[in-house]
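Protein chains: 2
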Amino acid sequence: MERTGKAKIIRTTVQMQQWSEQVQKQGETICLVPTMGYFHQGHLSLMDAGKSVADHLVVSLFVNPTQFGANEDFGAYPKNFDRDFNLAESRGAAVVFAPDSGEIYPPGFQTSVVLSELPRNLCGLSRPVHFQGVATVVTKLFNIVKPRIAVFGCKDYQQLQVIRQLVKDLNFNIIIMGAPIVREVDGLAMSSRNVYLSPDERKSALSLSSALTLAERMIKQGETRCKPILAAVTALILDHRDTRIDYATLCDPETLNAVDTITSPVLLALAVKVGTTRLIDNRVIDPGQ
Amino acid sequence: MERTGKAKIIRTTVQMQQWSEQVQKQGETICLVPTMGYFHQGHLSLMDAGKSVADHLVVSLFVNPTQFGANEDFGAYPKNFDRDFNLAESRGAAVVFAPDSGEIYPPGFQTSVVLSELPRNLCGLSRPVHFQGVATVVTKLFNIVKPRIAVFGCKDYQQLQVIRQLVKDLNFNIIIMGAPIVREVDGLAMSSRNVYLSPDERKSALSLSSALTLAERMIKQGETRCKPILAAVTALILDHRDTRIDYATLCDPETLNAVDTITSPVLLALAVKVGTTRLIDNRVIDPGQ
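Residue numbers (my numbering), protein chains in the order written: chain A, 18 to 306; chain B, 18 to 306.
If we strip away everything but chain A, and leave its shape as in the complex, we get (with noise of 0.2 Å):
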């Protein structure tokens, strides 16, 4: 086990198993924060907000191939570990678990964690395998690591639906808390895929935000047509230079299933495409308030 400062590294299940069953037998209880690393402001609140509720950070950090689609960029995913350990511990992090790909799909690896309905929707749509890459490194996580509560960021807000759900069908005595997207300040919702985007890029990835800002006035206004707002939303984000939708979408916040007319909150949840860069963001609007 490596040791560097307060926090530690673990590479290994076995070992991040006895760590967590050793807090475990005294009565302590541990946060998980999972991350593909590569960490911004969004990563280090989540890190925040995990340290506040449990006795003890533990922070995984794993690029997990079995979500990323084969034209998908697994491959060119940002990487920077000792500036992510850093992070980690500064805030709080009592351990950084960074399994390498071998340690958590040994070869003859087939079991899948599988949602039938939400991955349906929204991202699954365009990835199709995605999201039972996502519920089965989670599960193997909170098996791994054993954690009383969980954070994700409501960035990914399909994922944080997914892993809602597989809690309550698979039985995980686990709290899964939902923390609230960090925007840059014009806007930009925080990703580690930022990185991709050129200085023009930058500017038309900004429609995303003021597409969900035009379509939270709309409806604040007493439109409940879901139609005219997409229409408004869609002219918005292709009125930037070099955007492709993939979706945008009104729909119900918990089965995320498509609304037309809205009654109660509505989520809507955007992908684009910025030049090669597939960027998401989403918002969940309440018409009554």
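You can take every hint at face value.
Same chains, same names: a pair is fine if it fits in one copy or spans any two.
Simulated pairs of lysine-lysine, DSS-like, Cα-Cα distance not exceeding 30 Å:
id, residue 1, residue 2
1, K96, K220
2, K25, K42
3, K42, K68
4, K42, K23
5, K96, K290
6, K42, K185
7, K96, K185
8, K68, K25
It should be emphasised that the hints constitute simulated quantities derived from the structure, not laboratory data.
Given the structure is predicted, the values throughout are model-derived calculations rather than measurements.
Chain B: place on chain A using the hints.
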């Protein structure tokens, strides 16, 4: 929480988890014996094995609808809760966990645990949804009961392998014990489904254990080619009245992939319909011994 004698009946997942967490806090261990009830000597042997290896024995009793196919005997599966409860209590169970179907599969349930390789063999071929149902409900039971050890019968050999694999793949820190097949004095493997057999069918049912013994003799005498062994096994079974072979397979005991030539221990697995009752049996045969 109902109470009868020394064993406790628990019906809800929340109460079961609370009980298990209380036990764990005291540093004590739980052994789980998952069953579908209607106990015979085989079940009792699992309980005896389980009782001896942990501080507390929990017997779950749940006829799991999702592991039955549309044309299988879910509705007719034999039941006798009071007798089962008394038997489990007499074998030292601390808890009989007997949830109803709605407790295990509440509205909106949508998560499954799926293995990609092991179910492609043997029973998985004629029962395509069976092991997905088994893997999912066992994953749930592990999270609800939180055992350190779980006992499964070797009679459901493929099930045992599926459970071992999912425990490894999903990082459950649970020891899986396989308990030997328990047989009637004439050799018939005990099964809750044996009650379906008419007196004539009961005689034909002996063809399974006879076939295992025949194959074992051939292998011990030096036969290494699977073809003549399976021909003899098939002839023996079909020589009995009202038998229909679902499969008779010699395969690798780990992967369950069929083998042609026997060079190391091999599993002979049988599934035979006797009248309308589907029976299974198996034996691992070591050519070297």
